[in-house]
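Given only the sequences and the hints, what does the whole structure look like? Please build it.
4 protein chains.
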Amino acid sequence: MESKEENMGNMQSPFLIVNPKSYLYGNESLKLAKAADQAAKDTGLPIIFTCPYADVRMIRENTENIIVCVQSMDPLTPGRGMGHVLPESLKEAGADAVFLNHAENPKTLSDLYACIRRAAELDMTSIVCADSITEAKAVACMNPDVVLAEPTDLIGTGQVADDAYTMEAIDQVRKVNPDVLVVVASGVSTAEDCYNMIRLGADGTGGTSGILNAPSPAVRIREMAEAIVRAVKASD
Amino acid sequence: MESKEENMGNMQSPFLIVNPKSYLYGNESLKLAKAADQAAKDTGLPIIFTCPYADVRMIRENTENIIVCVQSMDPLTPGRGMGHVLPESLKEAGADAVFLNHAENPKTLSDLYACIRRAAELDMTSIVCADSITEAKAVACMNPDVVLAEPTDLIGTGQVADDAYTMEAIDQVRKVNPDVLVVVASGVSTAEDCYNMIRLGADGTGGTSGILNAPSPAVRIREMAEAIVRAVKASD
Amino acid sequence: MESKEENMGNMQSPFLIVNPKSYLYGNESLKLAKAADQAAKDTGLPIIFTCPYADVRMIRENTENIIVCVQSMDPLTPGRGMGHVLPESLKEAGADAVFLNHAENPKTLSDLYACIRRAAELDMTSIVCADSITEAKAVACMNPDVVLAEPTDLIGTGQVADDAYTMEAIDQVRKVNPDVLVVVASGVSTAEDCYNMIRLGADGTGGTSGILNAPSPAVRIREMAEAIVRAVKASD
Amino acid sequence: MESKEENMGNMQSPFLIVNPKSYLYGNESLKLAKAADQAAKDTGLPIIFTCPYADVRMIRENTENIIVCVQSMDPLTPGRGMGHVLPESLKEAGADAVFLNHAENPKTLSDLYACIRRAAELDMTSIVCADSITEAKAVACMNPDVVLAEPTDLIGTGQVADDAYTMEAIDQVRKVNPDVLVVVASGVSTAEDCYNMIRLGADGTGGTSGILNAPSPAVRIREMAEAIVRAVKASD
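Residue numbers (the working numbering), protein chains in the order written: chain Y, 1 to 236; chain A, 1 to 236; chain H, 1 to 236; chain B, 1 to 236.
Hints may be right or wrong, so weigh each one.
Since copy identity is lost for identical chains, a pair holds within one copy or between any two.
Listed next, the in silico SDA-like pairs over lysine to any residue satisfying Cα-Cα at most 20 Å (straight line) [to be verified]:
hint	residue 1	residue 2
1	K31	R80
2	K31	Y165
3	K233	S186
4	K31	G79
5	K31	E92
These are computed hints drawn from the structure, not numbers from a lab.
Structure representation (structure tokens):
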């Protein structure tokens, strides 16, 4: 594929995120990871695959092309910290990237900034979620590799996230920090949705339920990856 | 060795806990786990070994005799819960036991009870920490496999945890729930300390810094295990 | 009224809890507090009235008979602790009692025990919520004045909390600690419900929505108080 | 005094912050509030005075010139939220301003943004703490009235916060959002320190221990206020 040849920090644009959250673990997670790995190999598109902490090493050892990503981590360094998620342990097990501040696991501002710095120290790609455009701008100030903007600003307003919202989110984040890649993913469930997001200017997109609820999740991943590749070609 | 032949819930008494917290991870953790595994084999004593989530599978695959234990977990079931520690993922990776409510990672009362139940559902041994004798009694009501009582009741009082405190802690917890095993471990750093704890009636003991700061942590683990075996024989 | 003449710790049995949560504040809270105060005076029944922290002093200065209760607090002592709720500040403002560990604001086990002790030090009545009978027993070990058991054990089971559940909750808590008063309040919305709870053996009961959604909340409080008094007489 | 006649959002620059945290409450808090009130009246300088939630109404009723400020709040609206700090209750009691995200009570990014919006809706001045210049910039994106930058970036580096740091913090925050007022207060303990901070360009300054540990806290407040007034005149 032709790429935008952007490589800001640790991450190349565009990319696909496959995020099974805690729906999959162990062998089921590995199985989908292998499908994502094959799709990444065949399309040349970077694919970020999230998994439980306990599955990082197994997935890393059995795949070659995906970016293995954990769902969160804590800002501690080796030492005490019983019960916390040590970044060094994830890195040594094979994690390449980390999600931070997901709405299901929010971080304090200070912990979030500390985690972004810890990821950078360990050469792990940081993908930081934000519930609104304003929060996405705040996140961008802290210089993560990727900001994932979810339009929960719109929750309860009766509006649906539309193209104008997506373009606005991308534009606002880039104004604050042009080096940060921007992902908009809310409501994305089909290859067509992925195509549209990339055409609107997002550096990446992806999903959870859109993939897991597809007739074949493996096929859905491939379709999404191919749609992103097509969207890039259409932009050239 | 002769054992008390107690096997309450998932755990046999007595036992040793080797808890490197976040001081060790990856290959360093595996190395000490193997030493603990050999000590468990040679002495016949059950040894609980804690490790980071990302190391569970590797340690389980490379040891036979230790009880692989994670440092905490969350009460969720498979599904959403991005960024949380799914019990099923730990179990499938090979975790046999879980620490809960350590002072460095405290749980709300409700989450703690939910985690104890989740551990039981998955046939994982639950080891629950308590900062005082009173909290240890409260924990015992929730029927975990093991209560680990740390005498922080005494913090700031100028007193040191002594034999009387240890016996009191054990006695009080057993009154509330005779099926719960009791560990007292604060300040334990030598084989002699372990011997004493078992002689005083504890079902288990162990440590972190006493092992990691020893001239040879592997030797210290073996010495501790042998001391516990001697203490049991002396009681018979 | 005739009372059971029990006065365990700070609280006399039976009693009524009026808990407007964050639905009322300022003048609206004061208005209902005055109605509760009149009902307490006329019936002789102790009535616990909860209010926002900022309203404690105003309500205390304008009532004589109610037990003014805050919705939570933190375990700190005077000093640092910016942004936390200092027990001494509540006591000096006129708070007589404190709710702890409500499902909408859960506490860690350690903080909960520390708060119960802080309340005792300041001669404030501690009312501790528990989501299940098992948690209620754990709470009772920590010797609060009152345990409030909510049958969320039953959530998702398709069952409704019935008389057997209520009696079981009361019985189990009393076995652990006969000095702790027991409240069962879930689903209580009418005077009839209050009458039934006291007849089943609860030391207190009360509600939020059952009072606030009544045609006249003031009248509903009076009806509930009178029903509790009748229940006690019926027991004699 | 001559003022910069800036009135951004709810707050006029410059100003002094008197923050007794949880060291003072009740009558002791009121006594110092009255001293601050007199100093505000005599110097014409806006003085922000923080107090426990339970003291807001009493302090507001007994002072005329200070800006009464709470130490934190929660983002909820009237309704459920048992045990949380309802912004409406603070406003009705007389709070004019709110501290948010203090290092002793950190907020998640989402809660922080929600609290800033809640403060704006209620016409309360929001003063948001940040542990580093980077976090201060992130905070500024969320458009609070005041950002309070504490140089904990420097913690552990062996350096002391100096004039260059202060000017850098002010400059960086203003670049992100010129409408936000900037406070630098770490280590400020004397009138001379206040003078210097304002001369360096801060919109406000203040302290806790520098005031409470002074031979006379009331005199120290007056000296600080006068120093800020002098600094403004020197700048004209």
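Worksheet item: Can you list which hints this structure breaks, lowest number first?
Response: 2 and 3
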